[in-house]
Amino acid sequence: MATKLTVPISEEQIRALKVGDQVLLSGVIFTGRDAAHKYMVESFIKGPCPDSEKKLYDMLKKELAGSVIYHCGPVVKKRPDGKYDFVAAGPTTSIREEPYQADVIGHFGVRGVIGKGGMREKTLEGCRRHGAVYLHAIGGAATLIAETVKEVVDVYKLDFGVPEAFWKIRVVDFPCVVTMDTHGQSLHDRVEAESKRKLEALLAR
Amino acid sequence: MPDITEQLVELIKATSTDLAPDIEQALAAACKREEAGSAAQGALETILVNVRMSRETGRPICQDTGTPIFHVWYPQGLSQRQLREQIMQAVRIATERAYLRPNAVAALAGKNSGDNTGLDFPTIHFEEWEHDYLKVGLLLKGGGCENCGCQYSLPAPESPWSRDLKGVRKAVLNAAFKAQGLGCAPGILGVGIGGDRATSVIKAKEQLFRRLGDTNPDPQLDALEKQLLREINELGIGPMGFGGKTTVLGVQMAELHRLPASFFVSVAYMCWADRRKIMTLKDGKAVIENP
Chain A
1 MATKLTVPIS EEQIRALKVG DQVLLSGVIF TGRDAAHKYM VESFIKGPCP DSEKKLYDML
61 KKELAGSVIY HCGPVVKKRP DGKYDFVAAG PTTSIREEPY QADVIGHFGV RGVIGKGGMR
121 EKTLEGCRRH GAVYLHAIGG AATLIAETVK EVVDVYKLDF GVPEAFWKIR VVDFPCVVTM
181 DTHGQSLHDR VEAESKRKLE ALLAR
Chain B
1 MPDITEQLVE LIKATSTDLA PDIEQALAAA CKREEAGSAA QGALETILVN VRMSRETGRP
61 ICQDTGTPIF HVWYPQGLSQ RQLREQIMQA VRIATERAYL RPNAVAALAG KNSGDNTGLD
121 FPTIHFEEWE HDYLKVGLLL KGGGCENCGC QYSLPAPESP WSRDLKGVRK AVLNAAFKAQ
181 GLGCAPGILG VGIGGDRATS VIKAKEQLFR RLGDTNPDPQ LDALEKQLLR EINELGIGPM
241 GFGGKTTVLG VQMAELHRLP ASFFVSVAYM CWADRRKIMT LKDGKAVIEN P
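In order, the protein sequence lines correspond to chains A and B. First residue of the first sequence? That's 1 in this note's numbering, and the numbers climb one at a time after it. First residue of the second sequence? That's 1 in this note's numbering, and the numbers climb one at a time after it.
Looking at chain A on its own, in the form it has when it is part of the complex:
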């Protein structure tokens, strides 16, 4: 039975989740991947924030608190009225954001990160300390996930390119699995350790 989560998510709700839990997420979240994470850390967290970027910073500071960042570079289509639709929007590999993720979670009060492939120690520690989880989406399920994106609210930093921009989206029942929780558990570490033992047995044959 999947747990329903709606943004803004409380710390208590997040700390109740455990590795392996299936989640259906609803509310306003943001896409952000390589360029966005580098930008957030360099312009906002390390700073100083240039005047030209202050407006975006204030918006993100307000909206990301209790919300979720989705590692995704979507295929989008522009409508005649100037608004956008998500056509295909599966997760991208998260590990590339490992240097940045924990700092972004802590600075903005993000409660969850959606992606694929999982992340490492620094992010796991960030999740434990700040109260956030890593949510694994189904890689490649791009049409199905795009269907859960009910509205593209806005887009920022489109000059990074369509895949790399911040897309502000409203989702309903976005399906994912908790693979890193606030209790220091990582399903990825567990599977890797078990498969390493089996690999060693196979290599010894």
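Simulated from the structure, these hints should not be mistaken for lab results. Just so you know, even glycine gets a beta-carbon here, dropped at the ideal spot from N, CA and C. Check the hints yourself; a few may be wrong.
As the list claims (entries may be wrong) - Simulated restraints on C-beta separations: (1) B:Arg163 - A:Met59: 56 to 64 Å; (2) A:Lys83 - B:Arg97: 15 to 23 Å; (3) B:Gly114 - A:Lys196: 38 to 46 Å; (4) B:Glu234 - A:Pro80: 48 to 56 Å; (5) A:Val153 - B:Arg163: 22 to 30 Å; (6) B:Ala36 - A:Pro80: 42 to 50 Å; (7) A:Glu200 - B:Asp164: 18 to 26 Å; (8) B:Thr215 - A:Asp81: 20 to 28 Å; (9) A:Lys54 - B:Arg52: 44 to 52 Å; (10) A:Thr6 - B:Asp3: 48 to 56 Å; (11) B:Ala156 - A:Lys62: 46 to 54 Å; (12) A:Cys49 - B:Ala28: 46 to 54 Å; (13) B:Pro21 - A:Lys54: 47 to 55 Å; (14) B:Gln227 - A:Glu11: 48 to 56 Å.
Assemble the complex: chain A is given as a structure, and chain B must be docked to it using the hints.
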């Protein structure tokens, strides 16, 4: 030289939106094998619904529509230069119609060209053949799985394995372990044995055009393919790396002549969304088929 731009756009659309039946059937069989109610089974169920939705709505199976890799077999007398121009134009149109995501990024400047064309982008392999008609194969290979590919030089300190089938087996097992779920498991492994560093990888990727469960013409490689499929699935990495019984759907290998000093094993990891089609153009008629 006929203008086949529109037919090429259709090939791109079909490849991006319509997963081949051999892959879909393998995914459905894997879904039945996984433990009921597990995250692994949930992942495969989601994948299968997504495959059907993409086919019905004509939308990309995966948003990472990848590097378009074209293989063109053309009859004597056809212009490679004109074919290249038509392929580039078809890619631009397919991007406009959202069959492809703009994916060509300047390596150092980081700027996206916006239309999937750029320096050596898309990838096009040309080969003149003896027939009087044109055949175009297309593979859309996403970046997540491409990053999981690897190449071993045997033997080396970190890969101390013999220059024979036993060594190849160990290299491929190691590659599957290193990939974990990161390449969007359950994937398909294309393996090139021998060659130089470049030809070995190209051969590995060519294997991804083969039908799942076919018979390798080399009986030794055929046996190793089936053994590796079984053994990699024993690793228990499972769909998306959630743990489970299906880590790969297939292993497909081929060999090339090599230099006396070199023995390369190249592994191309293809995600479950193994998007490949072949189009033949005969007597002005285009037919798009699965391998």
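For each hint, the structure was consulted:
A C-beta distance of roughly 59 Å is found between arginine 163 of chain B and methionine 59 of chain A, which places it inside the suggested range of 56 to 64 Å. Distance hint check for lysine 83 of chain A and arginine 97 of chain B: the Cβ-Cβ separation is about 18 Å, which falls inside the suggested range of 15 to 23 Å. At about 42 Å, the beta-carbon gap between glycine 114 of chain B and lysine 196 of chain A stays in the expected band of 38 to 46 Å. Between glutamate 234 of chain B and proline 80 of chain A the CB atoms are about 54 Å apart, so this pair conforms to the stated range of 48 to 56 Å.
For the pair valine 153 of chain A and arginine 163 of chain B, the beta carbons lie near 58 Å from each other, so the given range of 22 to 30 Å is not met. Between alanine 36 of chain B and proline 80 of chain A the Cβ separation comes to about 46 Å, which falls inside the hinted range of 42 to 50 Å. A hinted range of 18 to 26 Å holds for the C-beta pair glutamate 200 of chain A and aspartate 164 of chain B, which are about 21 Å apart. The supplied range of 20 to 28 Å is broken by threonine 215 of chain B and aspartate 81 of chain A, whose beta-carbon atoms lie about 55 Å from each other.
As the Cβ distance of lysine 54 of chain A to arginine 52 of chain B is approximately 46 Å, the hint placing it in 44 to 52 Å holds. The given range of 48 to 56 Å is respected by threonine 6 of chain A and aspartate 3 of chain B, whose C-beta atoms sit roughly 53 Å from each other. Between alanine 156 of chain B and lysine 62 of chain A the C-beta distance comes to about 53 Å, which sits within the given range of 46 to 54 Å. Here the CB-CB span from cysteine 49 of chain A to alanine 28 of chain B is close to 51 Å, well matched to the stated 46 to 54 Å.
Distance hint check for proline 21 of chain B and lysine 54 of chain A: the Cβ-Cβ separation is about 54 Å, which falls inside the suggested range of 47 to 55 Å. Our hint of 48 to 56 Å for glutamine 227 of chain B and glutamate 11 of chain A holds, since their Cβ atoms are close to 50 Å apart.
In summary, the numbered hints that this structure violates are 5 and 8.
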